[in-house]
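Visitor: Letter by letter, the chains look like this.
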Amino acid sequence: MNATPIMMSDRQLEWELPSRGHVAMFALIAAEAAIFAIFVVAYIFYLGKSLTGPMPKDVLAIPIFYTICLLSSSVTIHIAAHALRRGNIADFRAWWFGTIVLGAAFLYGTAHEWHRLIYQEGLTISTNLFGTTYYSLVGLHGFHVIVGLICLSAVMAFTLFGDVQQQHTYRIDVLSLYWHFVDVVWIVVFAVVYIIGR
Amino acid sequence: MAIDSIVLPRPQEAFRPLVDRLHGWVTTVDHKRLGILYILFALFFLVIGGIEATIMRIQLIRPQNDFVSPEVFNRMFTMHGTTMIFFVAMPVMFGFANYLVPLMIGARDMAFPRLNAFSFWLSALGGILLYFSLVGANGLYGAGNAPDVGWFAYAPLTAQTFSRGHSTDFWTLAVLVSGFGSIGTAINILTTILCLRCPGMKLGKMPLFAWLNLVMAALVLIAIGPLTAAQIMLTLDRYLGAHFFDTRAGGSAVIWMHFFWIFGHPEVYILVIPAFAFVSEIIPVFSRKAMFGYPIMVAATVAIGFLSTAVWAHHMFTVGLSSNANTFFVLSTMAIGVPTGIKIFNWLATMWGGKIHFQTPMLFCIAFLFQFLIAGLTGIMLSAAPFDWQLGNSYFVVAHFHYVIVGGILFALFGAFYYWFPKMTGRMYSETLGKLHFWLFVLGFHLTFDFMHIPGLLGMPRRIYTYELGRGWDTWNLIVTIGAFFQALSILTFIGNLLWHTFKGKAAGSDPWDAWTLEWTTSSPPPAYNFAAIPTVRSRRPLWDLKHPDDPDWKYE
Amino acid sequence: MAMNNSYTRGAPKVIIPLSLSMTAFAQAGAHSPSPTNIFAPVSTPADMIFGLSVFVLAVTATIFVVVFSLLLYAVVRFRKRADDDGREPAQVYGSNQVELAWTVIPILIVVALFMATARVIASVQKAAQPTNAIEVIAIGHQFWWEYRYPSLHVVTANELHVPVSDPAHPSPTFIKLLSADTDHSFWIPRLAGKTDLIPNRVNHTWIDPHETGLYLGQCAQYCGTQHAKMLLRVYVQSRDEFDRWIRQQSQVAHVGDTASDGQRIFETTACINCHAIAGTVADGQFGPDLSHLMSRETIAAGAAPNTPENLKRWIRNPDTIKPGSRMPAMELSERELDAVTAYLTTLR
Numbered sequence: 000m001n002a003t004p005i006m007m008s009d010r011q012l013e014w015e016l017p018s019r020g021h022v023a024m025f026a027l028i029a030a031e032a033a034i035f036a037i038f039v040v041a042y043i044f045y046l047g048k049s050l051t052g053p054m055p056k057d058v059l060a061i062p063i064f065y066t067i068c069l070l071s072s073s074v075t076i077h078i079a080a081h082a083l084r085r086g087n088i089a090d091f092r093a094w095w096f097g098t099i100v101l102g103a104a105f106l107y108g109t110a111h112e113w114h115r116l117i118y119q120e121g122l123t124i125s126t127n128l129f130g131t132t133y134y135s136l137v138g139l140h141g142f143h144v145i146v147g148l149i150c151l152s153a154v155m156a157f158t159l160f161g162d163v164q165q166q167h168t169y170r171i172d173v174l175s176l177y178w179h180f181v182d183v184v185w186i187v188v189f190a191v192v193y194i195i196g197r
Numbered sequence: 000m001a002i003d004s005i006v007l008p009r010p011q012e013a014f015r016p017l018v019d020r021l022h023g024w025v026t027t028v029d030h031k032r033l034g035i036l037y038i039l040f041a042l043f044f045l046v047i048g049g050i051e052a053t054i055m056r057i058q059l060i061r062p063q064n065d066f067v068s069p070e071v072f073n074r075m076f077t078m079h080g081t082t083m084i085f086f087v088a089m090p091v092m093f094g095f096a097n098y099l100v101p102l103m104i105g106a107r108d109m110a111f112p113r114l115n116a117f118s119f120w121l122s123a124l125g126g127i128l129l130y131f132s133l134v135g136a137n138g139l140y141g142a143g144n145a146p147d148v149g150w151f152a153y154a155p156l157t158a159q160t161f162s163r164g165h166s167t168d169f170w171t172l173a174v175l176v177s178g179f180g181s182i183g184t185a186i187n188i189l190t191t192i193l194c195l196r197c198p199g200m201k202l203g204k205m206p207l208f209a210w211l212n213l214v215m216a217a218l219v220l221i222a223i224g225p226l227t228a229a230q231i232m233l234t235l236d237r238y239l240g241a242h243f244f245d246t247r248a249g250g251s252a253v254i255w256m257h258f259f260w261i262f263g264h265p266e267v268y269i270l271v272i273p274a275f276a277f278v279s280e281i282i283p284v285f286s287r288k289a290m291f292g293y294p295i296m297v298a299a300t301v302a303i304g305f306l307s308t309a310v311w312a313h314h315m316f317t318v319g320l321s322s323n324a325n326t327f328f329v330l331s332t333m334a335i336g337v338p339t340g341i342k343i344f345n346w347l348a349t350m351w352g353g354k355i356h357f358q359t360p361m362l363f364c365i366a367f368l369f370q371f372l373i374a375g376l377t378g379i380m381l382s383a384a385p386f387d388w389q390l391g392n393s394y395f396v397v398a399h400f401h402y403v404i405v406g407g408i409l410f411a412l413f414g415a416f417y418y419w420f421p422k423m424t425g426r427m428y429s430e431t432l433g434k435l436h437f438w439l440f441v442l443g444f445h446l447t448f449d450f451m452h453i454p455g456l457l458g459m460p461r462r463i464y465t466y467e468l469g470r471g472w473d474t475w476n477l478i479v480t481i482g483a484f485f486q487a488l489s490i491l492t493f494i495g496n497l498l499w500h501t502f503k504g505k506a507a508g509s510d511p512w513d514a515w516t517l518e519w520t521t522s523s524p525p526p527a528y529n530f531a532a533i534p535t536v537r538s539r540r541p542l543w544d545l546k547h548p549d550d551p552d553w554k555y556e
Numbered sequence: 000m001a002m003n004n005s006y007t008r009g010a011p012k013v014i015i016p017l018s019l020s021m022t023a024f025a026q027a028g029a030h031s032p033s034p035t036n037i038f039a040p041v042s043t044p045a046d047m048i049f050g051l052s053v054f055v056l057a058v059t060a061t062i063f064v065v066v067f068s069l070l071l072y073a074v075v076r077f078r079k080r081a082d083d084d085g086r087e088p089a090q091v092y093g094s095n096q097v098e099l100a101w102t103v104i105p106i107l108i109v110v111a112l113f114m115a116t117a118r119v120i121a122s123v124q125k126a127a128q129p130t131n132a133i134e135v136i137a138i139g140h141q142f143w144w145e146y147r148y149p150s151l152h153v154v155t156a157n158e159l160h161v162p163v164s165d166p167a168h169p170s171p172t173f174i175k176l177l178s179a180d181t182d183h184s185f186w187i188p189r190l191a192g193k194t195d196l197i198p199n200r201v202n203h204t205w206i207d208p209h210e211t212g213l214y215l216g217q218c219a220q221y222c223g224t225q226h227a228k229m230l231l232r233v234y235v236q237s238r239d240e241f242d243r244w245i246r247q248q249s250q251v252a253h254v255g256d257t258a259s260d261g262q263r264i265f266e267t268t269a270c271i272n273c274h275a276i277a278g279t280v281a282d283g284q285f286g287p288d289l290s291h292l293m294s295r296e297t298i299a300a301g302a303a304p305n306t307p308e309n310l311k312r313w314i315r316n317p318d319t320i321k322p323g324s325r326m327p328a329m330e331l332s333e334r335e336l337d338a339v340t341a342y343l344t345t346l347r
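Residue numbers (numbering that gives the first Met the number 0), protein chains in the order written: chain A, 0 to 197; chain B, 0 to 556; chain C, 0 to 347.
The shape of chain A in the complex, shown without the other chains (with noise of 0.2 Å):
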């Protein structure tokens, strides 16, 4: 009896599959997109509900800089993306070091925009639904943009290392998904909070 005996014939199967780390990462995003749709509902279920405390309007000040910042980090993550594909290692240091630097400046951003609301707006997440809702909304699209820049850090380091090269492409291909994601929340995130709900 054979061992394999499944083969019908040699002939060359045309046999290609979608790659692993791109279904997984865009399964990894539906996840994480169930949550923040949760939040986002609780967010415009709760507007105008609240019963005391500032109000969106009151104390909201739209963040445009910070904003540009973060979506521009998409595009220097592509074009970092894009020249390592080429092979080009010191432009992808350089736009990927550029990518962390606009993350960074739109998680300052939003610390900055808390500490106004929490010190001269007093609004924290326990004065109203505004406030809890609010700041479980931002946070948890920040605490994913933390997650995101810890990755691009270390993936940093390597660089510096010199340990990344052109045969991790894919590799940097999956994180930049996850990093683009980032960027759509927040686009959901300003529109639901600082258009509709204001």
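By construction, these hints were calculated from the structure, which means they are not laboratory data.
Any given hint might turn out to be false.
As the list claims (entries may be wrong) - Partner residues are not named here, just some residues of chain B that face chain A (Cβ under 7 Å, in silico):
(1) Gly224
(2) Leu347
(3) Gly469
What the hints assert, rightly or not - Counterexamples of contact, computed for chain B against chain C with all Cβ distances above 12 Å:
(4) Thr26
(5) Ile50
(6) Pro112
(7) Tyr130
(8) Ser429
C-beta: ideal position from N, C-alpha, C; glycine also.
Mind docking chains B and C on chain A? Use the hints.
Guide: Structure of chains B and C alone, referenced to chain A:
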């Protein structure tokens, strides 16, 4: 006609010290070992959950009983539900998926073996956390409090005001942590199926087991998120003074219900779809016929997956939603009965005209068909919202969902255990003991869950630690409790049969059932690398094609 | 508001024996097999649900019989015989016509069930409140029921009284459902389906019982330790009796002279933090109103009969009757207990 495959010799295992062997299991990333770990983990918690159920049934055997205090009883139903759903049913399904999916699609392992291990240990941690609450929760009333808020933990009962101490937080954390493990496994299953199929196995050629686990994995990705979000919100409420569910600050108790059931309803489909997968593999083999209507089975399952996200508020018919909302959810819930019924008919049509062999796996699957039919019909009754205004939150609902989970899912699971036991251990179980297990369990199951519908019809609500005399519930509760003991006995038979024959059973060979999918082409148990060479397939039943070269499936598919 | 039987018209012969046996199940005396039997309705919402349930049960029973028989037949007819030749049977991969048939037929069944259901949802949820309706506000507490009749100036606890309703000239009771703490559910099976009481939300239900008597139920949404003993008692009375009860309840408490020692203790200890007795300084809102305590047949939301011995036991330590209830043991001496109990027994 079994086919043996040649296997490369394995280094002598018997002489390795026990510590070494255990270390191998703890650090494994092999999908087969992780699958078995998940299954053993689930079996352990099945016994614990069963003990919790038995304690409740003894308390309810007669009115005004004092076997346990109300506080203990309330912890029992909370722990029983949480344990059975999150630490028995989900892990066991992940276990079987882990073990079988790579084998069935001709792959060497899951897409991400280390993520696989990590996800398992996260789930294990969750189980340990939940039970650590018994000693660690340090409630106001003394040391050690298991959660007592019910497995769906409705707000505002879970607020700090009503649930002091940390018992609720153990519930939240345990489920949250194992939720991350579930997402990890779902990502793995999905990626494996989409990216690691062997040559020739297009999506329309893979076993139904793979298709159904693909749908299950997709549902996990969509459904666990809402639960995670709700639990984060609850914890923010309890510790940072947030007001998500704080009704005194204008928060809504109903929104917790929405978020929970947006998870909770797809969750039960996450549990039942793998059960469908088992049945879809076993019934054809033991009827000696191909699955009837494979494309329709796939389409029906995908439809069920989509629809399951649109029915959640049928758990909330009594909450006071508008008549329009109630009416919509009646329609969506009744609609999901259509693809589900189609599946039952397709299984029936598979058996029709076949030659049915009544070994233990098939016995359990046949019982599944009858019982799942009944469960579905009581579900239709509950979907008629006004009828649910009487039946909801009563023992009728408890009977219904146990009919699905025990009469449907657990029976299919037992069938799967017996069917794949020879593959996983290389040994055969005792058919006599298997049949004894079956008949004892059928008796116990029907005694308990058939008669449990009646107190519901007579007005007995759920989650009550005792009940009044003179309500007409006494005799029924007695019968229900008696059935529990038969079930316990039968589970002991089951565990004994499998444990004994894991070590002492007769060699089973690679294909004891004369089956048709790829896992039966390799040895029992499979070598670490699964297949000596990755196969190429041309039809849904590659082994049938081999055994019937004059009449292969690919001519007809 | 009369029950519409159109969905049982022309139904197969299974309906008649089915509903006969169900009504026999119910009408074999109201207390046999159970005082909380959902198939023994005495009020329109419960009647409507009963009618729908007969239809649904008939449909599902038919489906069950058909599919069950087919399954049984298949299992018997297509079993492997002892004299089997070992050849595989003909492999059949599917049939589009068959799939179509068993898709279309269930869809039609769903449509029928849905329409019947939608009609009852509308009838119950959108029922207009007539001008002569009795209005009650029911407030759920852990673990007792507060009832207010705002236009009749009555506040009471745990035992709801409503007038009987003549189907020809209905006088229903419309109940607004609120909660003071966590979720509860108001369920008296013979009168109506259950509706939840949810904090920060106003729900509504209504009943129009057409037979006098005492109807039982209990809280149907887990609300904490003593969820099981948050019992419901609804007294459906003739119009005269109801009016008499209202008159009695709307008066201030009847305080006898001989109980003044007990009254003093009551009003100087923690009792008045939680309880109200109309016409005295006691006006606590956390616990049940005790103004007419002795007009009730039970105490602790039905957990025990209302006797002086039980009252005294309760006040000494509520956990002996209902462990986990929100009332603490009052740490009174035996003499004080006797005095307070004597005082309470004068509150008719």
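Visitor: Each hint should be assessed against the structure and marked as holding or not.
Guide: Evaluation of the provided hints:
The closest approach between the C-beta of Gly224 (chain B) and any C-beta of chain A is roughly 3 Å, which is under the 7 Å cut-off, so the hint is satisfied. The beta carbon of Leu347 (chain B) comes no nearer than 31 Å to any beta carbon in chain A, farther than 7 Å, and the hint placing it at the interface is violated. Contact between Gly469 (chain B) and chain A, as hinted, is not supported at the beta carbon level, the nearest pair being about 45 Å apart and thus beyond 7 Å. The non-interface label for Thr26 (chain B) is consistent with chain C: the shortest C-beta to C-beta separation is roughly 43 Å, beyond 12 Å.
Under the 12 Å C-beta cut-off, the non-interface status given to Ile50 (chain B) relative to chain C holds; the minimum distance is some 21 Å. Chain C leaves Pro112 (chain B) outside its interface by the beta-carbon criterion, the shortest separation being 36 Å against a cut-off of 12 Å. For Tyr130 (chain B), the condition that its CB be more than 12 Å from all CB atoms of chain C holds, with the nearest at approximately 22 Å. Every CB of chain C is more than 12 Å from the CB of Ser429 (chain B) (nearest about 21 Å), matching its label as outside the interface.
Hint compliance for this structure: hints 2, 3 are not met, and every other hint is.
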